[in-house]
Amino acid sequence: MITTTGVLDESRRASLTALARRIRKHIVNLAAHSAGAHVGGSMSAVEILTVLYFDGVLTVNPDDPEMEGRDYFIFSKGHCSAALYSVLAERGFLPMEELQTYKQMGSRLAGHPSKDIPGVELATGSLGHGLPVAVGLAIAGKHDHAAYRVFVLVGDGECQEGTTWEAAMAAAHYGLGNLTVIVDRNGIQEDGPTEEVMALEPFAQKWRSFGWAVEEVDGHDLASLHQVLHGVPFQYGRPSVILAHTLKGHGISFAENTNKWHYGKLSPEQKRLALEEIESGAGSPLS
Amino acid sequence: MSAFTTAAAPGSREWLAEIGGCAVSACRRAQLDLARVDERVFSLEGDLGDFGGDDFRAAYPDRFIDVGIAEANLVGIAAGLAFRGNVPFVNTFATFALMRACEQVRLDVCYHNANVKIAGTFAGIAAGASGPTHQSVEDLAVARCLPNMVVLAPADALDAYQATVSAALHNGPVYLRLGLEPTPAVYAEPHSFEIGRGRMLAQGRHVGIVAAGLSSVANALAASRRLRPLGILATVVDMPSIKPIDDELLVRVARETGLVVTVEEHSVLGGLGGAVAEVLGERCPVPLHRVGIADEYCGVVGPYLSQLQRCGLDADGIAATVQMALKMRGGDAWCYESQASES
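Listed in order, the protein sequences are those of chains W and G. The first sequence begins at 28 in my numbering and counts up by one. The second sequence begins at 25 in my numbering and counts up by one.
What the hints contain is simulated information worked out from the structure, not anything from laboratory work. Hints are not guaranteed to be accurate.
[Said to hold, decoys possible] Quick list of in silico lysine to any residue cross-link-like pairs, SDA-like style, CA-CA up to 25 Å: (1) 130(W) <-> 351(G); (2) 142(W) <-> 123(G); (3) 169(W) <-> 137(G); (4) 142(W) <-> 61(G); (5) 351(G) <-> 313(G); (6) 169(W) <-> 61(G); (7) 142(W) <-> 351(G); (8) 142(W) <-> 347(G); (9) 142(W) <-> 328(G); (10) 169(W) <-> 84(G).
I would like the entire structure built from these sequences, with the hints used as guidance.
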């Protein structure tokens with residue numbers, strides 16, 4: 028059912044790959060030069076954010092963040108602010124040098140995005156808040172026959188919050204074809220693997236049974252993300268959800284696939300190693 | 025609930041007959057009237073639309089949203105609608121909106137200063153027969169401590185109509201404290217409802233009774249009438265704007281009377297009594313007595329009026345507290361004064 032807008036061409040793929048690499052390096056720097064950052068979930072979301080912001084998916088304007096007609100992007104997994112700030116800086120919403128103020132005294136770049144940051148539609152951090160608000164925005168858009176769309180990035184562990192399913196029910200009930208959820212399905216939450224802490228599977232089936240159109244992709248494969256994110260809505264009059272299969276900590280070998288780097292501060296040595304690995308091409312598609 | 029068959033003017037005889045002294049019906053009617061002139065007004069429900077939402081549903085089905093039994097989602101959706109310039113009214117029981125969905129109210133609405141109005145019904149102990157799950161004696165305390173939130177407790181049905189209109193005109197979150205039970209009228213004529221302003225309903229030099237909300241203001245007035253033959257002259261203030269509160273009026277009453285009694289159908293902790301204590305403690309300390317619900321859950325089932333009586337919130341109970349407060353302060357000034365004026 029996906030209406031594709033063609034495959035990602037080679038030159039764009041190369042530029043997006045380079046960009047994703049830069050974003051990973053920003054995250055490493057933020058985690059090394061602050062009290063710490065949510066490294067694992069930031070790294071797993073890099074390609075998703077790259078395609079959303081730099082591949083023409085989101086209609087946004089860094090010169091006029093509240094531009095009428097913009098798409099709404101809600102970054103519901105707010106703890107992974109290091110990834111969001113890095114992307115906002117690369118996209119021109121924030122001065123690049125402001126990244127250095129991450130979590131510093133007086134900075135607006137808190138550990139969880141506040142409402143005062145250009146490009147941030149909703150302050151998040153307390154999980155399970157993004158989707159209900161997104162449903163409200165989508166209902167308003169449908170009511171006004173507005174062209175804007177609403178995208179929400181949620182963590183997989185976040186989907187244990189009951190509001191996710193209250194809102195999922197409402198989105199299907201109101202036929203919100205203008206709403207897309209991307210789940211960063213890295214499989215690991217703070218206390219361990221999601222399936223051990225509180226099982227989400229059969230995950231796709233859950234969303235489907237709630238009335239959503241579901242697609243699953245390799246969440247580190249830019250070409251797949253390009254295709255799927257340009258293909259929404261998957262079905263007319265239905266909300267879309269993309270289960271993006273990712274690797275927690277992707278791109279830093281010692282932080283990969285573990286809850287130990289859900290949050291942490293990188294030592295100078297760890298920072299050097301991480302930057303080296305990223306430079307040498309780590310963070311490629313899973314498949 | 026009542027179906028509105030006429031377009032009677034608020035405050036008119038026909039209007040009052042339709043509303044039947046019910047504050048939530050008045051608020052619903054105001055939402056409907058507002059929706060007529062302002063296409064940004066939405067009415068939202070959490071499966072309690074039959075408590076007066078049916079007329080809105082019939083008139084503006086595309087601006088009537090029932091999310092089912094999911095209050096956290098209800099408040100989140102309201103915030104999303106408000107971000108697009110709409111004026112959503114969240115209609116549900118006070119306790120569900122402010123306690124079950126407290127974090128959505130805090131973050132999605134108050135932190136973002138979203139233009140959401142929360143119409144909390146069944147506030148206080150009006151739900152006495154339904155039991156403690158449905159009573160709401162903590163709502164003022166919860167709503168009051170949230171930055172950006174305006175907290176309004178209208179005194180009767182007509183006041184609830186005016187408060188709803190003022191809430192819609194205010195840009196930012198507002199909590200409206202409402203009840204389902206018919207309550208006595210305090211105001212006979214429509215009046216302007218000003219956020220941040222109290223109203224002096226009676227003037228006397230011995231004690232200042234500051235009341236807020238349905239039943240409480242009417243009963244405070246009734247209590248002041250019972251005290252007069254005893255020589256006790258009471259100032260009675262209706263303080264519908266719990267936040268922002270009318271500091272100047274409170275200080276004036278404290279200065280003129282030297283003794284203040286607060287009356288509210290709410291916990292004695294954190295509501296009107298707490299707010300008045302904060303203002304007077306800083307600006308004009310005088311003895312203060314709080315009539316309200318004790319710091320405990322109500323385990324007694326019973327009809328509304330019996331519950332008010334049990335909690336000392338009826339006219340006799342308020343009058344008794346005032347007399348006790350005067351005795352505790354001592355001096356018997358009011359006794360000598362009344363004897364002197366009689367001789």
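Tested hints:
1. 130(W) <-> 351(G): violated, 58 Å
2. 142(W) <-> 123(G): At roughly 23 Å apart (the allowed maximum being 25 Å), residue 123(G) and residue 142(W) satisfy the hint.
3. 169(W) <-> 137(G): holds, 23 Å
4. 142(W) <-> 61(G): The hint is violated at about 31 Å.
5. 351(G) <-> 313(G): holds, 12 Å
6. 169(W) <-> 61(G): Given pair residue 169(W), residue 61(G) holds - Cα atoms ~21 Å apart, limit 25 Å.
7. 142(W) <-> 351(G): Answer violated: residue 142(W) to residue 351(G) is near 53 Å, above 25 Å.
8. 142(W) <-> 347(G): Cα-Cα ~51 Å, so violated.
9. 142(W) <-> 328(G): violated, 43 Å
10. 169(W) <-> 84(G): Holds, because 15 Å separates the two Cα atoms, which is no more than 25 Å.
Of the numbered hints stated above, those contradicted by the structure are hints 1, 4, 7, 8, 9, listed in ascending order.
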